Structures are given as C-alpha cells and as structure tokens.
Amino acid sequence: MKKYFLILATLSLFSACTEEINVTLPNSDKKIVIEGAIENGKYAEVIITRSIPLFSSVGSTSPAEFYVTDATVYVSNGTTTEILTITIDSSSALGVVYKGNTILGVPGQTYSLRVVASDGKEYNATTTIPNPVALDSVWWKAAPPEDTLGYANARLSDPVGLGNNYRWYSKRPTKDRRFLPQFGSTFDDKLIDGKSFEFAYAKAYDPTDSENSIENDSDTERFYYLKSDTIYIRFVSFDRASKDFYTTFEAALSSNGNPFASPTTILGNIDNGALGVWAGMGASYDTIMPTP
Amino acid sequence: MKQFFSLRILFFFLFFIAFQLYTNAQDKQKFTISGYVKDASNGEYSIGANVYIKELIKGGNTNQYGFFSITVEKGTYTLISSYVGYENFVKQITLDKDIHINIELNPSAINVKEVVVTSDKVDKNVSSTNVGSIKLDMEEIKKLPAFMGEVDVLKTIQLLPGVKSSGDGNSGFYVRGGGPDQNLILLDEAVVYNASHLLGFFSVFNGDAVKSINLVKGGMPAQYGGRLASVLDISMKEGNNKTYHASGGIGIISSRLTIEGPIKKDTGSFIVSARRTYLDVLARPFAKPDSPLKNSGVYFYDMNAKVNYRLSDKDRIFASGYFGRDIMKFADKDAGFKMGVAWGNSTGVIRWNHLFNNKLFMNVSGIISDYKFTFTAEQTGFELKLFSGINDLNGKVDFGYFPTIRHEVKFGANYIFHTFTPMSATAKQGETEFDLGGVKKLRAHDMAAYVSDDFDVTDNFKIHVGLRYSYFMQIGPFDRYVKDPITGQTSSTIHTNANKKVADYGGFEPRFNARYSLNTKSSIKASYTYNLQYIHLASLSAVTLPIDTWVPSSETVKPQKGSQYSVGYFRNIKDNTYETSVEIYYKDLQNQIEYADGSMPGGGIGDNADNQFVFGKGQAYGVELFLKKRVGKFNGWIGYTLSYTKRTFPDLNRGQEFYAKYDRRHDASVVLSYDLNKKWTFAAIFVYGTGNAITIPTSYYVIDGNITYDYSDRNAFRMPAYHRLDVSATYTPDRTKHIERRKKRVIKKFGLGENVKPEDVKIPTKLFKNYETTWNFSIFNVYNRHNPYIIYFANEGSATEGNLKIKAKQVYLFPILPSVTWNFKF
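Protein chains in written order, with the numbering used here: chain A, 9 to 300; chain B, 12 to 837.
Everything labelled a hint here was simulated from the structure, so no lab data went into it.
Hints may be right or wrong, so weigh each one.
[Stated by the list, open to error] Selected chain A positions facing chain B (in silico; Cβ < 8 Å):
| hint | residue |
| --- | --- |
| 1 | Leu-62 |
| 2 | Phe-63 |
| 3 | Ile-274 |
| 4 | Met-297 |
For clarity, every value in this text was computed on a predicted model and none was experimentally measured.
By construction, the Cβ of each residue, glycine as well, lies at the ideal position given by its N, Cα and C atoms.
Taking the hints into account, I'd like the entire structure generated from these sequences.
As structure tokens, then:
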C-alpha cells in the first residue's frame, strides 16, 4: 500500500509516453499450477491447470491445454490417504475441481498433498489447519457522505502470540457466485499481536465474472456494499507458508501493469517447480444482515 | 590467502621506500622550490598543474590546493609550469637556497584547440601513474552539448569508457560493472549520497561552481576508500579574488546565477551559485490535456557557496557548502488524493591548509553531509509519511610530504560518524495512529588511516604504493529482531545499549599502481587495488529511486570486498595530437547484497532493513578502448567498452549465475566538437549501449480466477539497445562589433557625426567591459529514438471470455527535446 501512491503518481506523470512494443520471449515450458485447499469440516479441493505462454491468448489455447484433468491427486492426513475425484463445481473459482470425499479437515491436523501428472512427474506439499479465530463482530457501515452505500466492517481480537495469519473473503448470496478475496485481504499479526482492532473492506469483485466487473459497475456504487445487501463473511486462519503465498500473490496482482514493479516472486509451498499453493484453512463464518 | 600475499609485497615496498628516503636525506646538498600555481586572471588555484625542471625532465603536479614542492640538488635550472588551457610559465632559477615561488598562469590567448608545441609534459596521460583515472576541467565539459541547456558533470563522465549511464531517468552511474552505491562522490571532500536531481535528468553539480573533476575508476590511490568501484572527486571554484563577476544563464527548463568576487584582493574570495528549474515545465510535455497535472509539478533548486581566505603564506582557510532539494507534488482533487515528495543533500565543509615547511603540507577538514528523503501522502483522512536519510559528521587530516623529487608521500586519517535513518513510516487514519515501529536510527563509527608514496623508481618506472587501514563499528542503541523460523515473525529482540558495539569489521586495503614508460610517447600501466565498503544501498526495483536507503554493516551484513586488477597500454600519436589507450580490468566482488525473493517495498518498516537481504558474490571484467584528439579545430573522442558483470547468489535464481542488472555488453560514445570560427562552435554526441538485463514474464497462469505471471530466469532478458544523438551549437556574438555599432548609433542620435569618431566614445562602467553572452541551441535525441525506461506487461480482456491478450509496453522518457539557453557573464 505504501509504495502504491508513489507509483500511481509517477505513472500519471509519464502516462503520455507509453507505447506497445514487440518482444521476443525466451521459450518456456508449461508448468503445472496447483491451487489446493482443505478447510475445517470440509473435503479437500484442488484446481489443477497449466501455465500458458505469454503472448498466446486463452481463446487460442483449448481448454484441454489449460485444464489438467488427467492427474492423480492424493490427500493424506498421516493415517488415511484418499484419491480426489474430478467434479464440476460452480462455486469454485474455475469450474473443474478435484474433490475429496473421505478426509474432512480438522483444526490442528497436518495434511499432505501429492499430485502425479500424466507425464509421471510428482508434486508434493504439506499444510496444517490452524484453529480458526472468529471475528468479534461484523457490521455494515455507511461511508460518508453516503448513507445507503458503505463498507463491511469487522472487529478482531488477535490472540496473543505471533504467528496468526488471516484472509478475508466475502460473498453476497444473491449476487456473488462464490466467496471472493480481494487485494489486501491477507495479513498477519506482526503489527496487531494481542490487540483488538477494527478494519473494513470494500466490495469484492469476481475476476471470472466479466458482466459484473469493476468497469461495468455503476459509478455511484463502485466498491460499495448497499445497505440492503446480505454479506457472508468467511474469515480464514492459515499457516505461514499459505500466508506467504497469498501476500506475494496479491502483491504480484497489484503490480500487474505497473511499469515500476519489480517481478514479484510468488512464494509457493509445492515442490518440484509447481506453481500454486496447498493451504490448510481454519475458517469461521459470519453474516452481515441488511441494515434496516 | 591472496590478501596476505599482496600485503607482504606491500610491506616490502614500504620498507624499501623508507630506506630510500633515509639514504636520500644523507645525500648532497638539496634545496626545495615550492609554492602555489594559480590562474592569473582570477586567482583560482590550479589542481594537477605540471611543475617541472626542464633540465632534469622531472617534477610533479600541484595537489588539490595548488601546492607543489620539488627538492633537487643545488644548481641553475629552468622551471616550467604547464596546464591545459594556459600558456606555459618559464623561469630561470638559481637554486642555492630554498625558494618559495607563486606561479601565475595566463590563460591561452590563442584558442587552446590549436596545436601548442611544447617540449613535453602535455603527454600527461602517458606519463602519470594515474591508471584508470581521468581528470576533466569544466572548460572542456562546457564545450559539449548541454542537455536542456545544462552542462552536466555526470552526463559527461558517462561518455568515458568504463563509466555507464544508468539510463534515462535513473540516478547514479555504473563504473566497471559495479553498482551505483559503489561510487564515492565527493564535493570539496563532502560525500554526496544522491548526486542526481529529478531521477537522473540532471546532476546536483552546477557547472558554474565546479572547477574540475577527477574520476578514478581503477587503481584507487590510498587516500580514498569506502567504496569499491570509483571515486568522483569534484572541486569547487574558489571565486575570482581579483574582480567581481556575475554569470549565469536563462533557459527553457532552468536558470542559474553565479556571483563571485574578492573579499580582499588576491587574498580571499567568495562564490555563490544558485539554480532552479521551473515548476511544471518538465511535466507539461508529458501530460494529457485533462490530467490532474494542473495541481502537480516537479522541480529542483540548489545552491553552492564557498569562501576562502589566505591568512598568511602558510595558512589558508576555506568554507564551502551545498544545499539542494528536489520537489515532486501531485494532487488529484477528484480522488481526494494529495502527495508530496522531497529529497536532497546538504553539505558543509571547513578546511584549513597549513604549510609546516616547504616540504610538508597539511589539510584539516571538518565536514557535515546529510541526505534526506521524505514522502507524504493523504487520501481522505488517511495520511502516510515515509522518510529516510543518512547524516555524516566527518573529520579528516591529510598530509603531503615531498622529501625529494622522486617521492611524494601522502598520509592521513579520516573519521566519520554515520547516523542512518532507514525507511521509516508514520501513518494515521483520522485520529488513529498506526504503530509502525517508530523511527529507529542506526549509528556507526567509520575510520581509516593511510600512507602512500608516489615514487619514481627509475626514469622510466614510477609506482604508487599505498596501504590503507579501515575500521568500522556499528553501535547501539540497536534492536535486532530475531525471526522465528516457523512463523517468520519476530520471536525475540536483542538489544544493544547506546554506544556499545553491535558489530565491527576492519582490514588492510593495499593499493598499487605502476607505470612503465616505453618511450616518451607510450607507456604501460598496471594496478591492483583492494577495497572494503561498509555502507550499502540495496535497491528493490528495477530502477533506482530516491527511496533506496543506505544501511551500515551489521552482524548479518558483512562489508563488501573488491579486488581489481587492471593493465593498460597508453600511447600518444602524432606529436600528442591523439591520445589512445587500451585497458583491461578484472574485478572480484564479495559480500554483494540484493533483496530476497518476495521482498516488498515497506517490508523493512518496523523491522531491521537487513533482515530482507541475501548475499552473494560477483565478477566483472572488460576491455576499454579510447581515442582522443586533443587539439585542432575539430576534436573529440571515441570510447568503446566491451564488458561483462555477473553475480552468483545461493538464494537467488536457484543459485545459478546471472547477469547483474547493469551488465552492458557494448558501450560506445562518440564526442565531436568543431570550432568553426570565433563565433560558432558545434558539438555532437552519439551514445550506444546494450540494454539493461531485466526479468520478464514468460507465461501466465490463473489463481483465484486471477491472471498472474511466471517469470524468466533472473535478468535473462535484454531491453532494447539504448542509442541517442545530441547536437548543439554555441553562438558567441562579437562584442567589439556590437560596441562599435552602439557607438555609431550614439553619434548619430546626437548628431555629432562631424566632430566625433567612434573611438572617442567611452563605455561608461567598468562592469560592462567584460560583458559576454553566448547562445546555446541544442537538440537532445535528434532522431527521436524512444529509449525504454521501463518495460512492463498489461492484460487486456479476460481469460474466461476467451479474449485475453497480454501486451508488452514500454515507457520512454525523452522524445526529441530542443532547447535554447542564453548565457551571460560580466
């Protein structure tokens, strides 16, 4: 956030001197991308795709090249191992998901993931689900001078002891297909350890929903929740490796298109050159009811 | 143990020299000629002027204060002093006792570009032991095309082989594969931490206040230390101590004014210079019509001041100072957003020259040097302030001892107290203050002592042998945040009390340069230098920004170490009309610093800045070719460097070797200047450089429904090559003709044509007798090459809709830029 302002300002100064150029890229192999999570009380869910060379468009890449549907995915809790099955799930970020049906997430438990691709390569990772930390309270608050538009607020009391990492997801049951994170939704307790403090988030947007994108939203309502909205909050606690992934991922997203950005290395926790993360999530749910 | 080996050789040389000096003292009767060399027209002391005895073809150069001392046997000699741009001074002397003589050199009446036939010693580049060091006078620099009307010291040194510009918009420069923090930049002995205005558009050195610059890129003499790659030693003018003058210029982008004059004729003088750019003139060419730039602007201003006074034949005092600020203001009223950035250096130096006797010269200096950066941003109730800086309190003493004509011994000591303010922040939302760790300053003692000798071993073989010992200690109060390996958070804090040691380092730095003359026209030079650097500037982004902070060595950060070897062949052709040289160098760098993968700006706030660093080593090597035509109407130079600079860090690029960001395979400069006649001078510069090495995305993938990039190996991609042509024309109107015309007009106006002739009309004031003006027209980037400043990638469309396109874009800063400056002097 801190460098954001400086970058924004300097960008504007140079906005007239930008042009498109042709670049010859070195060839790169298509890496496997594994986005996996296991939540307390739920089965494991893993999305597997491949990376695409920069200048080819998804339209020209067939779904077969993008989605990986022929991998074998194992999840183990140390005692039992199960093989995940491929399903279509409209409430996940990308429709095609490998899902478990035996092992449920339990706080305090460690889970290992093993993906065997069709070419024989293996990718491994482990994660732990921490005890979920519940928010003290959530509420909608108007953003002055508006009185029907506002943000989702929450109060959190961070348990004493460093090492708590959080991520904020929100979903409007009638308008959002799934729980949505946003930029800045991942944070740790380095500065707030043991403290009780309030924070707020603006409306989240779904990057896969082009109809309801930021640009298509009305000028008055952009980034605001309506007074009449019902908002589900999913407040997740996870371990350090997961937090490192999501903070570096969010930083990479925010530097997208920024000419001053230095390449952000996204720190994943899966071995053998796989991109992505295997995150154990301790989730706690709340609801903000419409304000009368 | 390479270092011990070179130390042993060095100690051998030092003993040999000491023995020589001792036996010399017992020799036949010797007397000393000593004194100062200065410019007869304005009293400025000449730095590096030649003073020699014709019959012996031996002598020396004046030091930084214009002092020389030559000790030879009793006899009758011809003493000659020469300096580029001046007529030779020749005098017969009978040396039967010690002589003190102050030499005044007359500026050349003839255009210095014409061939000046002298006996010798214009072959300085061949005869000095300065391997890898270049001295430039402002007069030479002023002939080059000025960027936006400003003659620029840093832009000029980047035209020399081995010195690379960091590209448009980047401050700093790179010397022989070293980073921008490895250059020691001194203004009258004060360290300048950020020598650029406006991200590198201009340097902080006002050409009207500078006398000369000395760039050392290899073979660093022992009196300098603390940086691995180079020394840029800039001396300010002292001010005309005979008459008052004002000079300056008004240009499209900036204006400047200098006033100088005597405090007491021939005894003391002062000089004051100031300069400023105009508020949003720079931004306007880049702004879209309806952009928020109405309320924004970038500008800088700076001031230089110096006074000096000769208390007696043996004592002189000087005081000089610099103050400069860059300001960037931006406001977007619609978004409720406002920001301001300010940064700059301030320096203050007081010096005392003392002559103990005609062989022993001393200078004592007290110096303050300060660099500050502040950034404030406000957005509807949220206010953020970032600041960082470094402050030095410095005392040094330097002696020059001239025992015989074959030796010049230098020794001295230097002490600096550093106070670092690493990037700190304060933030508040409305009335709530965020706890961002407060401001934690770091402090350190940094000291060194050195001894060196410039020794003419034989008539053909001259060496500079030096030994420097440096010591650095970071002191408390200091908190080290120890990280828990599991959570990555601070698990404990180790506190060091005030003035107690946090960490210390020290070591010997041997230096050795040699010159062997094959004949009067050519020589071979070689050098070995070992350097330690205790303070560091790690840069997070691909471009250098004023937010990059200086940090001291600590328990985790070891001093950077560099060994450099170089060998060169120097030859003058056609009676010193052409200077040519070939130099090759090899550098070994240890304890280099980079940010760890995944480091984010602001990550160091509330933490130790160096917890984000990773360490590795590097190598740099290359060959530099140089051809210079010194005299004639048409002159200039061509420089070409082929070089490599690589790094190996276990924690970066999976431990594989990668090219440093500023690795520049080919770097070429062509500088031409043509004096058409007394009125017109034309100049052109062409530069070419291989593009910077950067890391770019090679593929993209999807997480959380978002597109994100996967990157190539570190610095595996090259930006397009940088090349540019600048031209300029300088017009000096003929004042005498202008005066003639005015006189005729006066006569005509008063109808005196019958009785009065133009010669009878007198010019009223003394002040306007010396009035000169010049017009400078220049075009920067004549063929409008869009040299990339930054390359980035942006998405258009969406993956789910199947119309995603990723485009490569570049930001370039300078299209073709013409400018006009009117310069005056009286």
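Going through the hints against the structure:
1. Leu-62: Interface hint status for Leu-62 (chain A): holds (5 Å vs cutoff 8 Å).
2. Phe-63: holds (6 Å)
3. Ile-274: It holds, given that the least Cβ distance between Ile-274 (chain A) and chain B is near 7 Å, below 8 Å.
4. Met-297: Hint violated; Met-297 (chain A) Cβ to chain B Cβ min 26 Å, cut 8 Å.
In summary, the structure is inconsistent with hint 4 from the numbered list given earlier, while agreeing with all the others.
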